[in-house]
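Undergrad: Residue-level listing of the chains:
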Amino acid sequence: MKLAYFPGCKINFYLRDYDTSFKSLMEKLGVDLVQLPFNCCGYPARSTSFEISVFSSIRNFALARKYDLDIITPCKCCFGQLKYASYQWHENKELKQRMDCLLADENLFWDGKTKIKHLLSFLYNDIGVLEIKKKIDHKLPEKKIVTQYGCHALRPFTITGFDNPHAPGIFEELINITGFKTVEWSKSTECCGNPIYTSNKNLSLKILNSKLKAASESGADHICTACTHCQIQYNDLSFQNECQKHNITPVLFTQILGAALGIKKEKLGEDRLPIFDLRVS
Amino acid sequence: MFQIALYTSLILSTAGLLFQVYRFKKKGSLWVPKLKLNLDLKPALFNTIFQSRLFRASKTRWAVHFLVFSGFIYLVFFHALDELTVFNLFQYYQPTLDPFQFLRNFAGFLVLVGCIGFLFRRSFNTRINQDNKIKYKGIFSIILILLVITSGFMLETIKIISEPAFLEMVEDYSDLDEETGLDNLKIYWKTHYQVSFKKDLLITEDTLERGRLLNNDYCLDCHSKIKSAFVSNAFAMHLGKPANFLNHYRADNWLYPIHYLLSFLMLVCLPFSRFFHMLLIPFASARHKVTDKYFQKKAVFIHPATLAACTNCGICSEVCSVYPNFLITRNKQILPHSKIESARKIIFTAHLKPEELNQLQLGNDDCTMCNNCTDICPSGIDLQGLWKTLPQTLQKMGYPDNYTFVKDKALQEWGNKESEKEQATGAHELTENLTGRVYSFENCVQCTICTNVCPVVAYGGNDNDMTPQQIMNLLRLGKKQTAAGTRMVWNCLTCYLCQEHCPSEIKVADIIIELRNISNQAADRLKIMNAADKANKL
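Here the protein sequences come in this chain order: A and B. Residues 1 to 281 in my numbering are what the first sequence lists, from first letter to last. Residues 1 to 538 in my numbering are what the second sequence lists, from first letter to last.
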């Protein structure tokens, strides 16, 4: 299987390990990733201009279409934005015309056929939990973990169609096959606070703190997201003290699954690998 | 005269260097409070000698640059400084002996080809051309190099054809005269060394053979075959009639000063032109690789000297993530190569118009910190660090980001805008127009479910003012501008909890995002007006 890899802007600089481990995981599952010169998904421009944000997404789609590839991304904000833009493009004829004009200036064209997949929905729908379970050869210890679904993948459901927006379950299913035990908690579908991190850091960290508190009350050791932005928020250095206070360590989903699939430690990134110290294989 | 010119230019160049170092030191405090010089020499060395980063960025550009670089280095060390280098290394060294004669021509040829390549690219690089201020930067240095190299070739050409020079050499190194076969030597040199004599000489096989023997006796020790000077030789062969004219006025005597004066001009210009990148890029690429941890510890290394290392190559803009934003807004200050130019102006000359500063702030706001430009920068400049610190600097100068700008204005002021007619912002402003269509929010029953699920309301405290349901109510009352100016709109996480839970299926989050767009545009307009006011005051 061949897919265009859409890394998103932040992963390269802020979360290298996620990038590395994602690539290794895909390699292990037999997926060819193609790197195209994608631009920003357009989510950051949502605040300033509807037109810019949609055009950014459509330009990426057009680029992938040129090579006849579907797009996969490990980031839920990018996923949500690309879904949103594609939805608007299909709904709004005027918008479609304008996009066609803008794309034509760069010798691109999009016919609306490119699909966008998120890492989780790809694993769940295209590969299948059972298929992955067969490949697992290193059962991980029964550590308790809470999961966080990113907002932009879950909602609005009518656009993203990711999972049940009120009681999602695919993430838990995917984690449970590795040996980790997911714990139910109250805030799995709530926002991490990252979108306003630059403009209102105070509020952003307050929201994060409330989440960590809820997670620790549920008795979890780890917290896991499958989104670049959420994970950056949990890995924020100025907040590590809080994390230690609540006894919660943020981990990367791709590293967990990668470790369970027996991918070598070096291929899963440089640091933030508490799970490897605990392994009982 | 040579000595005077040399020492003057050396003194000027050193003074210029010291001045620049002083300037960098002085301006340094403007940006980062504590400058930490963590130098990493290995990548710097690699990047300096092989231009490894440029190689990674673009192979053709590297090839062209390396032509100039290698040729230039050879010419500086083995031609300009030959008395210090090759004279000591090789006892028999003469500039007219092979392989030096050939290598000198070859190096000059490489530089010439490379420079033409530079100029060629300049006229075709579309993204660079979008900024007229940058378009012609660095052309001076390229043209100066071209002049030095061509004057060198011209000098060599004229020396080849020069009869007076030939006669001087004969006088100095032999005892030949008309009777002892000077004509024979002349004939030999005319046919084999391209010397152009005023007098017509009768060439026969006999005289040529005698000339060859004389040549073996007197000249061969210091003169290789002229064919190896392939560029100058080609010129000399095609010079034709003007040769005698040039010989008559001793063109070699006045071309020589031109050649060395141009070279000295290059030395003087070193600290003030594109040539300075020879010293700045090693310095810039010696920095440690910046990671997000550096930012979080506030240990970012932005030295003004590293910014000056920018060569306006424009590779950063080719990989820029927010290029589509530029395609729509046409704000040049979105693109990194324009932004760094503006930042340099802020630091070094401070002659930036309020409009430009405003544009710079808006452009930099679009940056997503994807690190693409920093990754690829052939000069190894810490661009990411610059984008990160630029907002703070701009805020100090009175150009805050829109969040702060709206926050610092009282809600009343936005309310006053209600009576103003809505200005058309662009000819093709495309939106969903949810806030303009009554049916998109009129179904709100004020049930407060949106408010109850909102994390901003739950944890906002004093940071927040209205609640989502109040925003909907403001819209129902027709107070769109007031709604757009609330903190709620700007604090919104866009998590869509409200929208997903709304029993009336109102697109609450989408409406709030649209209000933020409106607010953003209003803020942009106001800021442009403010900037224009400031410009008028100046």
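Because the hints were derived from the structure by calculation, they are not lab data. All of these numbers come straight from a predicted model, not from anything done at the bench. Treat the hints with caution; some may be incorrect.
Stated by the list, open to error - Listed below are the simulated DSS-like cross-link pairs for lysine-lysine, each with C-alpha atoms no more than 30 Å apart in a straight line:
(1) K26(B) / K480(B)
(2) K42(B) / K201(A)
(3) K42(B) / K187(A)
(4) K42(B) / K265(A)
(5) K267(A) / K26(B)
(6) K480(B) / K96(A)
(7) K507(B) / K113(A)
(8) K507(B) / K201(A)
Undergrad: The structure should be examined with respect to each hint, and the outcome stated for every one.
TA: Here is what the structure says about each hint:
{"no.": "1", "hint": "K26(B) / K480(B)", "verdict": "49 Å, violated"}
{"no.": "2", "hint": "K42(B) / K201(A)", "verdict": "38 Å, violated"}
{"no.": "3", "hint": "K42(B) / K187(A)", "verdict": "48 Å, violated"}
{"no.": "4", "hint": "K42(B) / K265(A)", "verdict": "28 Å, holds"}
{"no.": "5", "hint": "K267(A) / K26(B)", "verdict": "46 Å, violated"}
{"no.": "6", "hint": "K480(B) / K96(A)", "verdict": "27 Å, holds"}
{"no.": "7", "hint": "K507(B) / K113(A)", "verdict": "26 Å, holds"}
{"no.": "8", "hint": "K507(B) / K201(A)", "verdict": "26 Å, holds"}
Hints 1, 2, 3 and 5 from the earlier list are contradicted by this structure; the remaining hints agree with it.
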